[in-house]
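Peer 1: The chain contents come next:
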Amino acid sequence: MEQREIVVIGGGPAGLSAALQAAHSGARVTIIEGEKRLGGQLIKQTHMFFGSHKQHAGTRGIDIATLLENELRALPNVEIILGATVLGYYYEDGALTIEDHEAFRLMIPKRLIVASGASEKFLAFPNNDLPGVYGAGAVQTLMNVYGVKPAQRVLMIGAGNIGLIVSYQLLQAGVEVAAVLEAAPQISGYLVHASKILRLGVPILTRHSIKEALGKHTVEGAIIHRLDDRWQPVPHSEQQITCDTICLAVGLSPLCDLLWQAGCAMQYIAELGGYVALRDEGMQTSVPGIYVAGDAAGVEEASAAMVEGSLAGLSAALSLGYNSPADEELTAELRQQLDDLRAGPGGAKIRSGLEKLHPTADNPKEVT
Amino acid sequence: MDNVPPDDTIICRCSDVTRAELRAWIAHGLTSMDELKRLTRITMGPCQGRTCRHLVMQELAAVTGQPLEELTPSSFRQPLKGITLGAVADWVAKEKQEKEV
Chain Z
71 MEQREIVVIG
81 GGPAGLSAAL
91 QAAHSGARVT
101 IIEGEKRLGG
111 QLIKQTHMFF
121 GSHKQHAGTR
131 GIDIATLLEN
141 ELRALPNVEI
151 ILGATVLGYY
161 YEDGALTIED
171 HEAFRLMIPK
181 RLIVASGASE
191 KFLAFPNNDL
201 PGVYGAGAVQ
211 TLMNVYGVKP
221 AQRVLMIGAG
231 NIGLIVSYQL
241 LQAGVEVAAV
251 LEAAPQISGY
261 LVHASKILRL
271 GVPILTRHSI
281 KEALGKHTVE
291 GAIIHRLDDR
301 WQPVPHSEQQ
311 ITCDTICLAV
321 GLSPLCDLLW
331 QAGCAMQYIA
341 ELGGYVALRD
351 EGMQTSVPGI
361 YVAGDAAGVE
371 EASAAMVEGS
381 LAGLSAALSL
391 GYNSPADEEL
401 TAELRQQLDD
411 LRAGPGGAKI
421 RSGLEKLHPT
431 ADNPKEVT
Chain D
13 MDNVPPDDTI
23 ICRCSDVTRA
33 ELRAWIAHGL
43 TSMDELKRLT
53 RITMGPCQGR
63 TCRHLVMQEL
73 AAVTGQPLEE
83 LTPSSFRQPL
93 KGITLGAVAD
103 WVAKEKQEKE
113 V
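Protein sequence lines correspond, in order, to chains Z and D. With the numbering used here applied, the first sequence corresponds to residues 71 to 438, in that order. With the numbering used here applied, the second sequence corresponds to residues 13 to 113, in that order.
Hints are not guaranteed to be accurate.
Here are a few chain D residues that face chain Z, going by a calculated C-beta distance under 7 angstroms [unchecked claim]:
(1) R25
(2) T63
(3) A99
Simulated restraints, written as ranges between beta carbons of each label pair [claimed, not checked]:
(4) Z:N147 x D:K111: 23 to 33 angstroms
(5) D:E82 x Z:G416: 23 to 33 angstroms
(6) D:E81 x Z:D409: 17 to 27 angstroms
Using 27 angstroms as the maximum straight-line C-alpha spacing, the simulated DSSO-like pairs for lysine-lysine come out as follows [what the hints assert, rightly or not]:
(7) Z:K419 x Z:K266
(8) Z:K114 x Z:K419
(9) Z:K114 x Z:K266
(10) D:K93 x D:K106
(11) Z:K124 x Z:K114
(12) Z:K180 x Z:K114
(13) Z:K106 x D:K106
(14) Z:K106 x Z:K180
(15) D:K106 x Z:K286
(16) Z:K219 x Z:K266
(17) D:K108 x Z:K180
(18) D:K106 x Z:K180
(19) Z:K286 x Z:K219
(20) Z:K114 x D:K93
(21) D:K108 x Z:K106
(22) Z:K106 x Z:K286
(23) D:K108 x D:K93
(24) Z:K106 x Z:K219
(25) D:K93 x Z:K180
Hints listed in this document are in silico derivations from the structure and should not be mistaken for laboratory results. The C-beta atom is built at its ideal place from N, Cα and C for all residues, glycine as well.
Turn these sequences into a full structure, and let the hints guide you.
Peer 2: Encoded structure:
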């Protein structure tokens, strides 16, 4: 059994920022990441970030990962564990079980920050189990992490930012994109990303969805159809598309398995991607000592994930007595940064989701 | 419900559970995620529900009329990923040795 002060689960933008802030506050921090390198989704992001310079706007995602990693590695009070997966949380004794390079470990942290990210949503349609049906994030990993050209001709389902950005990166990798389908009446991602692929001649078909995948052993094509105002298929609107890969970019779900195991009060909020943990302003859940940040706290984007991570790291360290006169000002500044990132029409969905979230104190839930 | 794909559509691809199978169990009166999990093995495969949980919940909500936000997802058991008994046994032996020292 190993004792730790603060354990951060997940080495993506939220986890890195949480670890950095907690370590800057003076706490001893252990960060556990399942992959062989830190950065999470940032390492696949070749595009430059928007938003504020405080969250590295104008820098490519992969370079932000390196910046944060270098900063973290320079700190003496940080332990980095790579290639290890947390297997479970046991609320009876606050223990984490971990698989670390095929060995078993048991760790008891004083404070836990869950920054485990999100998983890709799947769709139900006939033949969705054919090889060649992928999550868009998986295809992005194949291309940008492993250098594998994943397809010859892709049909992308979903015109949110992930669908648009991965379509553009597929084109950059020399893959044809047959079309991007969007069930909603309008493109839901940023128009700057949509314009890039429209200029290259890729049609974005709004009010369209996939009816079925075609193929015997692998994907050979798809039947698509148009949707009416009530999201019902328009009769006789079917079209056949030839493709060898179908990419699903239909949203993400927060990965909350450990928070459920800990008995955190949870609430289903569609705008945040599914079930999320109730939390206070310092990102502490209904279970004292357990914090949440980033997509695990509600699907948003990397800039907000970094700020939430910093807030969680700061409050976890504070609760252990690591305080400084500047904390109050820093907390206020981080909250202001979150408000700024969520301001405007782009943040409407997140704002509406967060408004529905009950305050932690109002909804105590028994551990089951 | 006319946009519901045909019944042989796979909802859980770890355990090859189709929409028809799920609907048959729901018609038998299994209207909670945990009951469906125990009988069909949804959310118990290698993906631990990361692919199917949401689809099964949508299916349950559509058939029973329960709002999605009122459904309780099936329980999240440890371990979240497979580990060999050997690895756990090695750890137990090591802990025992350390206590003896």
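Peer 1: With reference to the structure, classify each hint as holding or not holding.
Peer 2: Here is how each hint holds up against the structure:
1. R25: Status holds, d = 5 angstroms.
2. T63: holds, 5 angstroms
3. A99: Result: holds, 4 angstroms to nearest chain Z Cβ.
4. Z:N147 x D:K111: 23 to 33 angstroms: The hinted range 23 to 33 angstroms holds for N147 (chain Z) and K111 (chain D), with Cβ atoms some 29 angstroms apart.
5. D:E82 x Z:G416: 23 to 33 angstroms: Given range 23 to 33 angstroms: holds, Cβ gap about 30 angstroms.
6. D:E81 x Z:D409: 17 to 27 angstroms: holds, 26 angstroms
7. Z:K419 x Z:K266: Distance ~24 angstroms between K419 (chain Z) and K266 (chain Z) Cα, so the pair holds.
8. Z:K114 x Z:K419: Answer holds: K114 (chain Z) to K419 (chain Z) is near 25 angstroms, not above 27 angstroms.
9. Z:K114 x Z:K266: holds, 18 angstroms
10. D:K93 x D:K106: holds, 22 angstroms
11. Z:K124 x Z:K114: holds, 21 angstroms
12. Z:K180 x Z:K114: At roughly 32 angstroms apart (the allowed maximum being 27 angstroms), K114 (chain Z) and K180 (chain Z) break the hint.
13. Z:K106 x D:K106: holds, 26 angstroms
14. Z:K106 x Z:K180: holds, 25 angstroms
15. D:K106 x Z:K286: violated, 51 angstroms
16. Z:K219 x Z:K266: holds, 20 angstroms
17. D:K108 x Z:K180: holds, 24 angstroms
18. D:K106 x Z:K180: holds, 23 angstroms
19. Z:K286 x Z:K219: Given pair K286 (chain Z), K219 (chain Z) holds - Cα atoms ~22 angstroms apart, limit 27 angstroms.
20. Z:K114 x D:K93: With a Cα-Cα distance of about 24 angstroms, the restraint between K114 (chain Z) and K93 (chain D) holds, given a limit of 27 angstroms.
21. D:K108 x Z:K106: With a Cα-Cα distance of about 31 angstroms, the restraint between K108 (chain D) and K106 (chain Z) is violated, given a limit of 27 angstroms.
22. Z:K106 x Z:K286: violated, 36 angstroms
23. D:K108 x D:K93: holds, 25 angstroms
24. Z:K106 x Z:K219: The given pair, whose Cα atoms are some 21 angstroms apart, holds under the 27 angstroms limit.
25. D:K93 x Z:K180: holds, 24 angstroms
Checked against the numbered hints given earlier, this structure breaks hints 12, 15, 21, 22; the rest are met.
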